[in-house]
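Top to bottom, those sequences are chains A and B. Here the first sequence is numbered in our numbering, starting from 1 and rising by one per residue. Here the second sequence is numbered in our numbering, starting from 455 and rising by one per residue.
Hints listed in this document are in silico derivations from the structure and should not be mistaken for laboratory results. Glycine residues also receive a C-beta, built at the ideal position from the N, C-alpha and C atoms. Hints are supplied without guarantee of correctness; some may be wrong.
Unchecked claim - Restricting the straight-line Cα-Cα distance to at most 35 Å, the calculated cross-link-like pairs of lysine-lysine (DSBU-like) are:
| id | chain 1 | residue 1 | chain 2 | residue 2 |
| --- | --- | --- | --- | --- |
| 1 | A | 378 | B | 465 |
| 2 | B | 465 | B | 552 |
| 3 | A | 378 | B | 552 |
| 4 | B | 552 | A | 298 |
What the hints assert, rightly or not - Computed, partial: chain B to chain A, Cβ under 10 Å:
| id | residue |
| --- | --- |
| 5 | 462 |
| 6 | 465 |
| 7 | 471 |
| 8 | 496 |
| 9 | 501 |
| 10 | 502 |
| 11 | 528 |
| 12 | 551 |
Now for the letters of each chain:
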Amino acid sequence: MSVFDEHALERASEIDAQRARGEPLGPLAGVPIAVKDNICFDHGQTTCASRALEGYRSPFAATAVRRLTDAGAIVVGKTNLDEFGMGSSCEHSVFGPTRNPWDHSRVPGGSSGGSAAAVAAGMVPIALGSDTGGSIRQPAALCGVVGVKPTYGRVSRYGLVAYASSLDQIGPIAGSVEDCALALSVMQGVDPRDATSADRPADAIEPIADDHRAPDLKGVVFGVPSLAFGAHNDPEAEGVFARAIETLRAAGAEVREIELPHADHAVAAYYVIASAEASSNLARYDGVRYGRRAELPKSATLEEMYTRTRTEGFGAEVKRRIMLGTHVLTSGYYDAYYLTALRARRRIAEDYASAFAAGCDAVLMPATPGPAFPLGAKLTDPLMMYAEDVYTVGASLAGLPAAAVPAGLVESARLPIGLQLVAPAWGEARLLDVARRVVGVLHPRGVPSPQAAT
Amino acid sequence: MADLTPQDIQKLARLSRLEVAEGDVDRYRAELGAVLGWMDRLGEMDLAGVEPMTRAGTADGSNQQNRLDADEPGPVLANDVVMGLAPQAMPPFFRVPKVLGEGGGA
Numbered sequence: 001m002s003v004f005d006e007h008a009l010e011r012a013s014e015i016d017a018q019r020a021r022g023e024p025l026g027p028l029a030g031v032p033i034a035v036k037d038n039i040c041f042d043h044g045q046t047t048c049a050s051r052a053l054e055g056y057r058s059p060f061a062a063t064a065v066r067r068l069t070d071a072g073a074i075v076v077g078k079t080n081l082d083e084f085g086m087g088s089s090c091e092h093s094v095f096g097p098t099r100n101p102w103d104h105s106r107v108p109g110g111s112s113g114g115s116a117a118a119v120a121a122g123m124v125p126i127a128l129g130s131d132t133g134g135s136i137r138q139p140a141a142l143c144g145v146v147g148v149k150p151t152y153g154r155v156s157r158y159g160l161v162a163y164a165s166s167l168d169q170i171g172p173i174a175g176s177v178e179d180c181a182l183a184l185s186v187m188q189g190v191d192p193r194d195a196t197s198a199d200r201p202a203d204a205i206e207p208i209a210d211d212h213r214a215p216d217l218k219g220v221v222f223g224v225p226s227l228a229f230g231a232h233n234d235p236e237a238e239g240v241f242a243r244a245i246e247t248l249r250a251a252g253a254e255v256r257e258i259e260l261p262h263a264d265h266a267v268a269a270y271y272v273i274a275s276a277e278a279s280s281n282l283a284r285y286d287g288v289r290y291g292r293r294a295e296l297p298k299s300a301t302l303e304e305m306y307t308r309t310r311t312e313g314f315g316a317e318v319k320r321r322i323m324l325g326t327h328v329l330t331s332g333y334y335d336a337y338y339l340t341a342l343r344a345r346r347r348i349a350e351d352y353a354s355a356f357a358a359g360c361d362a363v364l365m366p367a368t369p370g371p372a373f374p375l376g377a378k379l380t381d382p383l384m385m386y387a388e389d390v391y392t393v394g395a396s397l398a399g400l401p402a403a404a405v406p407a408g409l410v411e412s413a414r415l416p417i418g419l420q421l422v423a424p425a426w427g428e429a430r431l432l433d434v435a436r437r438v439v440g441v442l443h444p445r446g447v448p449s450p451q452a453a454t
Numbered sequence: 455m456a457d458l459t460p461q462d463i464q465k466l467a468r469l470s471r472l473e474v475a476e477g478d479v480d481r482y483r484a485e486l487g488a489v490l491g492w493m494d495r496l497g498e499m500d501l502a503g504v505e506p507m508t509r510a511g512t513a514d515g516s517n518q519q520n521r522l523d524a525d526e527p528g529p530v531l532a533n534d535v536v537m538g539l540a541p542q543a544m545p546p547f548f549r550v551p552k553v554l555g556e557g558g559g560a
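Sequences are here, hints too, so could you generate the full structure?
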């Protein structure tokens, strides 16, 4: 979306000078990072891939970004997304789609597709995404990299452009679990500017030392729900998942079959809640205070200005979700859709709580039903696109931390498949330690990369 | 599939402050109708007596409390910075089409 080459070189020179003077350096000194373009940075534009914010230059940086740059990270650019985070393919962008580094005819996933593709292509070691219903984990999986959605409230949302406020979280995408842990340890913690950031002591989510021993999973209990298998999956992808489970078992993990009895309804509940919150959050794009205003004759009324500005500013999927959200909040439908979805949300959260109470360290599932799909394949059918989120929305609705890690490749097309681990609230330290070992067990010779394909 | 009339679509558009051209009404009826019909599946669930969960993190009791901050003024953006972001401004004010009197529409 934008590349900050001069800014990056300036910052790098400053850090070089600090080093030359013998000053202490931050844990991310000189590390180039990319930032999804719905996260504010006080340099360049923040567009959300929308015409509505064409030319918008944020006067401030998001707390998560500020903490990374304070630790020495250098923002080298902003990455593409589905408009305002609404999509699972990175095709709903006014700037056009991002392509998957593994196969340029396929999508990178979404909505943080630009960040996942940038990491997979080796442009940056760490990129920031945002995850509302899977927007970090799904693209990370489809691009063969690691993505972590933190517990709701761990990372400040200040400066993250709001889509669905009860679900949105900023999180890292990186080539390794260790790099995600490092970024998360820097970003986490209470922020006076986000009342939903949790006021609790920062956990030690330290970068995990590589002790050069073959990792094992002795004593780790995974719960695999029956949802993980079935006709909604690509058969070859399901095979990769099944083989991964056997490998984890051979490394000492205990794998139990569990039930998430309400999981079948999670995607529908998610789209009711997310659309409802979106219709409210996006009411702010009225062409008055910032963003783009439609050109209108002098005789136009205020309401005509609002309507024309929004009609020209939003793309098809955003309009669809605003109208859906408006509908489910309309009197007469509020109980049937919105309150019902909120009740379902509690049941879905309780399913996960039961699994953890029964002794599971993490719920283990595929991250997606299949590998990256061809550009355009699901673009005209919203329900087909929404079904892409079947494995990711549960952790979002329940506010739980979840990580997507590379599971292996679908051999026929040489495309990556992701494994998802969902952990108890505030359990990131344990989650990432287990995830690191899972990656080590599954990929003893290193995680495959798209570069090796060419 | 939930049945939305053309009037329903125009009402939703008006409430959303969006225009739907006459030629697009049927497309919206089909698309929104299909999604709402699919959302109707939520009605299959037995949810009697379940308290609606309005925010994340409440299922296990963590992150349940609203955090209250000290009521002190913090840093704010300067007026010229804010005006610089506005599509039309007459500093220190935002400029909008006429609201009151003849020609005012809101």
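Quiz item: For the hint on residue 551 of chain B, does the least C-beta distance to chain A fall short of 10 Å?
Solution: holds (5 Å)
Quiz item: CA of residue 378 of chain A to CA of residue 552 of chain B, is that 35 Å or under?
Solution: Judged against 35 Å, a Cα distance of about 44 Å means the pair is violated.
Quiz item: Going straight from one Cα to the other, do residue 552 of chain B and residue 298 of chain A come out at no more than 35 Å?
Solution: Holds. Residue 552 of chain B to residue 298 of chain A sits at ~9 Å (cutoff 35 Å).
Practice problem: Have a go at the residue 462 of chain B hint: is there a Cβ in chain A nearer than 10 Å to its own Cβ? | Solution: holds (8 Å)
Quiz item: Quick one, is the residue 465 of chain B hint okay against chain A at 10 Å, beta carbons?
Solution: For residue 465 of chain B, the interface hint holds, since the closest Cβ of chain A sits about 8 Å away, which is under 10 Å.
Practice problem: Answer holds if the nearest beta-carbon of chain A is closer than 10 Å to that of residue 501 of chain B; otherwise answer violated. | Solution: holds (4 Å)
Exercise. Classify the hint on residue 528 of chain B as holds or violated, based on whether any CB of chain A lies nearer than 10 Å to its CB.
Key: With a minimum Cβ separation of about 7 Å from chain A (threshold 10 Å), the hint on residue 528 of chain B holds.
Exercise. Have a go at the residue 471 of chain B hint: is there a Cβ in chain A nearer than 10 Å to its own Cβ?
Key: holds (5 Å)
Self-check item: Proposed proximity, residue 465 of chain B with residue 378 of chain A (alpha carbon, max 35 Å)
Solution: holds (28 Å)
Self-check item: Holds or violated: residue 465 of chain B to residue 552 of chain B, with C-alpha atoms at most 35 Å apart
Solution: The hint holds at about 24 Å.
Practice problem: Double-check residue 502 of chain B for me: the hint is only fine if its C-beta lies closer than 10 Å to a C-beta in chain A. | Solution: With a closest approach of 9 Å, the residue 502 of chain B hint holds.
Quiz item: Does the CB of residue 496 of chain B sit less than 10 Å away from some CB of chain A?
Solution: Constraint on residue 496 of chain B satisfied, holds at 5 Å.
In summary, the one numbered hint that this structure violates is 3.
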